[in-house]
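Colleague: Given chain A, work out where chain B should sit, using these hints.
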Amino acid sequence: MKKRLFYQLGLLLVAFALVLAGCGGNNNEPASTNGEASKVTDAPAEDGIKVGILHSQSGTMAISEVSVIDAEMMAIDEINAAGGVLGKKIIPVLEDGASDWPTFAEKARKLISEDKVATVFGGWTSASRKAMKPVFEELNGLLWYPVQYEGLEASPNIFYTGATTNQQIVPSVTWLLENRGKKFYLLGSDYVFPRTANLIIKEQLKAEGGELVGEEYTPLGHTDYATIISKIKEAKPDVVYNTLNGDSNVAFFKQLKDAGITSKDITTLSVSVAEEEIRGIGVDVLEGHLAAWNYYQTTDTPTNKTFVENYKKKYGDERVTADPIEAGYTAVYLWAAAVEKAGSTDVAKVKEAAKDLEWDAPEGKVKIDGETQHIYKTVRIGEVQSDGQFKELWNSGEAVKPDPYLKGYDWAASIQPTE
Amino acid sequence: MLQQKWTPQRIWLLVGYAAAAAALFSAPMFASDFRLNLLAKFLAFAIVALGLDLIWGYTGILSLGHGIFFGLGAYAMAMYLKLEASGGMPPDFMGWSGLKELPYFWKPFENFGFAVAMGILIPSVLALVLGYVTFRNRIKGVYFTILTQALVIITTTLLVGQQAFTGGTNGITGYSTILGASLGSADTKRVLYWITAAVLIAVFILCRYIVGSRFGKVLRAIRDGENRVRFIGYNPAIYQMVIFTISAAIAGIAGMLFVLHVGIISPSMLGIVPSIEMVLWVAIGGRGTLIGAALGAIAMNWAKSEFSTAYPEGWLFFMGGLFVIVVVFMPKGIAGLIGQIKFRKKRKEEDHEGIRNPAV
Chain A
1 MKKRLFYQLG LLLVAFALVL AGCGGNNNEP ASTNGEASKV TDAPAEDGIK VGILHSQSGT
61 MAISEVSVID AEMMAIDEIN AAGGVLGKKI IPVLEDGASD WPTFAEKARK LISEDKVATV
121 FGGWTSASRK AMKPVFEELN GLLWYPVQYE GLEASPNIFY TGATTNQQIV PSVTWLLENR
181 GKKFYLLGSD YVFPRTANLI IKEQLKAEGG ELVGEEYTPL GHTDYATIIS KIKEAKPDVV
241 YNTLNGDSNV AFFKQLKDAG ITSKDITTLS VSVAEEEIRG IGVDVLEGHL AAWNYYQTTD
301 TPTNKTFVEN YKKKYGDERV TADPIEAGYT AVYLWAAAVE KAGSTDVAKV KEAAKDLEWD
361 APEGKVKIDG ETQHIYKTVR IGEVQSDGQF KELWNSGEAV KPDPYLKGYD WAASIQPTE
Chain B
1 MLQQKWTPQR IWLLVGYAAA AAALFSAPMF ASDFRLNLLA KFLAFAIVAL GLDLIWGYTG
61 ILSLGHGIFF GLGAYAMAMY LKLEASGGMP PDFMGWSGLK ELPYFWKPFE NFGFAVAMGI
121 LIPSVLALVL GYVTFRNRIK GVYFTILTQA LVIITTTLLV GQQAFTGGTN GITGYSTILG
181 ASLGSADTKR VLYWITAAVL IAVFILCRYI VGSRFGKVLR AIRDGENRVR FIGYNPAIYQ
241 MVIFTISAAI AGIAGMLFVL HVGIISPSML GIVPSIEMVL WVAIGGRGTL IGAALGAIAM
301 NWAKSEFSTA YPEGWLFFMG GLFVIVVVFM PKGIAGLIGQ IKFRKKRKEE DHEGIRNPAV
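Taken in order, these protein sequences are the chains called A and B. With my numbering applied, the first sequence covers 1 to 419. With my numbering applied, the second sequence covers 1 to 360.
Next up, chain A with everything else stripped away, as it sits in the complex (with noise of 0.2 Å):
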C-alpha cells in the first residue's frame, strides 16, 4: 500500500512539473510553425517591437490559418533582416486560438493586456473578428484582419487587409450576369458570412436584372450534396454562386463532377477556395470554376514575383501563396510601414500615419483608406487551370476603394445597419 502511494504521490509531481514546465516554457522553447523565425522572447523587451500573432494553430481552421501565420512571420523576419522597424527588431508573441471564439477573446485580452504587444495580426473567421474586436475597442489595441469578409463593419481599432464585399461579391456578381447569365443559385454553410453574402447577392440580383432560382445552406463539415445537387439540376442554374467553407467544398466539388456537370455546364463562382484548397480539394474537379479574388500566386506583378519565391524557399516548394496568405504577408508591412512613419508604436499616431498609405503589395498597389481602414485592392476572376493555379478572366483594373456599408449602391439600402 505505502508503495503504492508513494507510485502515486510521484505521478502528480510529474504531472505537476509537467504544468511548471508549461509555465516556465515561454523562453526557451522556439514555439512557431517554422524552426529559425522563432526565438519567440530571447531578447529582452526593450531591444525589440513585440507582436502579438493570433491565429487558430489546433482545431478545425488550424489547415487554413497556419499558412497566414508563416506569411506573417516571413514578413517579419524581412522586415527584421532589413533593419527592423525604427531601428528596433519585431518580436513575434504567437498564440493559438484554437478554433475557438471565446479562446481568440482571451488571447487577444492576454496579448495586449500581459505582453503589452505593439499589434496584433490575427483572425481567419468571422466569428473570431466578431470575438476579438470588443476586447481591441475596450484596451485601445490594434488588430490586421488579413480575410475577406462580408463587410458592415468598420472598428476604430482594426485594419482590414482582406476583402469586403465591394471588392469581391458585388463585382463578381455584376461580372457574371454579364458573362455568364442571369440565373443564380446561392449555396453555402450555414454561418454569418454565407447568409451575409447571400443577402446582399439577393439584393444585387434584384436591382441589377438577375433571378435567384434556389438558396441552400449546409451547417459547416456537411459532405452529402446529392440531394442539393439534383436540385440544383432540375432549378438549371447559369451560376451556382458557391459559399461554401472548409471540407465541404471536397465533398460538393466532387460529388458535383460525379453527378456528370463540369463547369461547362454551370459555370460555379467560389469566393473561399484559393490555391490551397484546390490542392485539398484535387485540381481535375476543380478545372474550370472560377473564383473571385484579390491576388493569386499567378498575379503579374514584379512584388509578387519575389514573394512567391521566397516563401517557397522558405517553406518549401510545394507550399503555394494564397489571397489570406499574401494579406497577411501585406498587413504586416503596412503596419510597419506606418510605424515608421509615426515614429512610434501608440496605437493612435500609428492609426493617424496609416491615414493613405500606400505600399506595393503583391497583389499590386494598395492604399489603406484612413475612413474605414479597410485597403484598396484590385478585384479579379480567376479560372483554375490544369496545373492548381488560376489564370486571371478579369480584373477591376484599378484598385477599388472599399465600402464596407455598401453606401455607394443605392440597392443596399436595405441592408446597412439601422443605427
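Please keep in mind that the hints were generated in silico from the structure rather than gathered at the bench. Possibly wrong hints are sitting among the right ones.
[Stated by the list, open to error] Here are the simulated EDC-like cross-link-like pairs (lysine to aspartate or glutamate), alpha carbons at most 16 Å apart as the crow flies:
| no. | chain 1 | residue 1 | chain 2 | residue 2 |
| --- | --- | --- | --- | --- |
| 1 | A | Lys183 | A | Glu203 |
| 2 | B | Lys189 | A | Glu138 |
| 3 | B | Lys304 | B | Glu277 |
| 4 | A | Lys349 | A | Glu383 |
| 5 | A | Lys116 | B | Asp33 |
| 6 | A | Lys314 | A | Asp77 |
[To be verified] So the derived list for chain B, only partly shown, Cβ under 10 Å to chain A, looks like this:
| no. | residue |
| --- | --- |
| 7 | Ser32 |
| 8 | Arg35 |
| 9 | Lys217 |
| 10 | Ala221 |
| 11 | Val262 |
Note that the structure is predicted; figures quoted are calculated from it, not measured. Beta carbons: idealized from backbone N, C-alpha and C, even for Gly.
Modeller: Quick look at chain B alone, frame taken from chain A:
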C-alpha cells in the same frame, strides 16, 4: 453527516475551506486584471463542475450535454447585455441578417431581473422535461448519455441556423455595460469577480447540504443500486429529475457569469467538445467529491491557458498527456489522491464526502 463529531479532520477541513475562501476573495489584490479575469472564468467553470458532480459523481447520471444548460444561461445574459449595449434597438447582427424589428421574445430581456430569472429557468425547465421523458421511462446509463449528446447537436444546429435571432456561429458579443456600469472598467470587473466567488461558495455550500441530506443519501443509493432503491419503495425517477434540474440550473448560473467575464457566447461553447470537457474536469478533479470537481475545473483550465501560451503549437499534446496520467494512474482524480493521504489511517471509518478508498 450533520451529527458529525468535531474530529480533528473536520476542523482541519473547515480551516482549509476558510483559507480557500479567503484566498478567493483576496485574489484581486494580487492578480493583474488579466489574471483576475481568467480566474473569474475558471470559477464560473468550477460552478458547472459542481453541478455536474451532483448528477454524475453522486447519482451516477452521466450527462454529456451540460454545455447546453451552461449555454442557455449564457445566452439569456448575453441577450440582456446586447440589448443594453444597443439601447433597446435591434442588435447589429439582426441588421445584417435582414431583421428590422426586435423579435417579441427578445424584448423582455431588456430587464436584468427577467434575464437572470430566464438564465436559471430555461435550463431548469429543459432539464426537467428531458428528465421527465427519460428517467420516468427508465432510460439510463449510456442511452441517457447519448440522448444528451443528441440534444447538444439539436441545440447548436438551431442556434447556428437561426442567425437573425441568435447571432449564428458568431454568437453574441460586443457588450458595453451592465446595469449602467461599464463592463470594461476595473472596478466592475472586481465586483463581478467577487460576485462569482460568492456564487461559487454559495453553490458549494448548497451542494454539500444536498449531498449530506437524506435526499443525498438516496441519490447515492440510486447510483450504487437503482433497482434496490426502487424495491425499498422510493421512486428513483423523481430524485433523478430533481437533481438533474438542480444541476442544470447551476450550469445556467455559471453560464451567466461566464458571459460577464468573457464577453462572448457562441454556439461553439455549447458544443460536444465543451460538454465533454466539463465531464473531464470532474473526472480529473475526482468525481464524487465536490471540492475535487471544483479544483479539477480550475486546474485543468489553468493548465490549458498556460500550456497554450507556452507552446502554441503543441499544447494539446501536453493536455492529452496530463489527462492520460491522471485517468490511468489516479482513477479517483486529484481529490482522490489527497483524500487517500489524508484519511489513510482512518480508512475504515466513514470518510469525507463519500470517497471510497480503493481496496488495498
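Colleague: Tell me if the interface restraint on B/Val262 is satisfied: Cβ within less than 10 Å of some Cβ in chain A.
Modeller: Holds, about 5 Å.
Colleague: Against chain A, is B/Ser32 within 10 Å by beta-carbon distance?
Modeller: This hint holds: B/Ser32 lies near chain A, its Cβ roughly 7 Å from the closest one there, short of 10 Å.
Colleague: Given the hint that B/Lys304 pairs with B/Glu277, test it: the Cα-Cα distance must not exceed 16 Å.
Modeller: Holds. B/Lys304 to B/Glu277 sits at ~11 Å (cutoff 16 Å).
Colleague: Holds or violated: are the alpha carbons of A/Lys116 and B/Asp33 at most 16 Å from each other?
Modeller: 13 Å, holds
Colleague: For the hint on B/Arg35, does the least C-beta distance to chain A fall short of 10 Å?
Modeller: Holds, because the Cβ-Cβ distance from B/Arg35 to chain A comes to roughly 8 Å (cut-off 10 Å).
Colleague: Given the hint that A/Lys349 pairs with A/Glu383, test it: the Cα-Cα distance must not exceed 16 Å.
Modeller: 42 Å, violated
Colleague: Have a go at the B/Lys217 hint: is there a Cβ in chain A nearer than 10 Å to its own Cβ?
Modeller: 29 Å, violated
Colleague: Taken at face value, is the distance from the CA of A/Glu138 to the CA of B/Lys189 at most 16 Å?
Modeller: Distance ~13 Å between B/Lys189 and A/Glu138 Cα, so the pair holds.
Colleague: Under the criterion that the straight-line Cα-Cα distance not exceed 16 Å, is the pair A/Lys183, A/Glu203 satisfied?
Modeller: Within the cut-off at roughly 14 Å; holds.
Colleague: Would the hint linking A/Lys314 and A/Asp77 be met if the CA-CA limit is 16 Å?
Modeller: 11 Å, holds
Colleague: Hint validation: B/Ala221 versus chain A, beta carbon distance must be below 10 Å. Holds or violated?
Modeller: 29 Å, violated
The structure fails hints 4, 9 and 10 (numbered hints given earlier, in ascending order).
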